[in-house]
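Going by my numbering, the sequence shown opens with residue 63, and the numbers climb by one from there.
Treat each hint with caution, since some may be false.
[Stated by the list, open to error] Using C-beta positions, here's what the derived DEER-type ranges look like: (1) S145 - E102: 53 to 61 Å; (2) V91 - S145: 40 to 48 Å; (3) S100 - A131: 19 to 27 Å; (4) N72 - E92: 17 to 25 Å; (5) V134 - E106: 23 to 31 Å; (6) R84 - S145: 34 to 42 Å; (7) A131 - H71: 18 to 26 Å; (8) E128 - D78: 14 to 22 Å; (9) E128 - A77: 17 to 25 Å; (10) F146 - E94: 41 to 49 Å.
Simulated from the structure, these hints should not be mistaken for lab results. If you're wondering where the values come from, they're calculated on a predicted model, not measured in any experiment. Positions of the beta carbon are idealized from the N, C-alpha and C atoms, including for glycine.
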Amino acid sequence: MTVSADFYHNIFCGADYPGLDRLLNRAEVEIEKLILRSPEGELEERQYSFAVCAQAEYMGLCGGVEAWAVSVSGTAASFSVGSFSMSQGGGCFGQSR
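Generate the whole structure from the sequences, applying the supplied hints.
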């Protein structure tokens with residue numbers, strides 16, 4: 063089952079993100095990992111579609127698929143130049159996990 067950008071915009075009322083089709087495809091893969099079976103019936107299909115849309119929107123809020131993947135992997139990056147230092151990682155929006 064594939065969730066369309068039309069469903070995302072018109073039914074879920076999601077925000078527009080660059081690469082939305084890619085976000086929806088990746089979100090669908092992640093949701094399928096969790097439910098372990100295909101949705102059965104109209105109600106489950108609608109709930110499945112809403113779950114995919116919510117995951118895609120979260121990925122978009124994180125900055126896209128790559129940024130989301132870094133946030134959930136726990137990968138951290140840091141650097142310093144003189145007295146300035148910066149660290150990133152551990153969660154979307156810089157939150158620690």
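Check your understanding: Which hint numbers doesn't this structure obey?
Key -> Those not satisfied: there are none.
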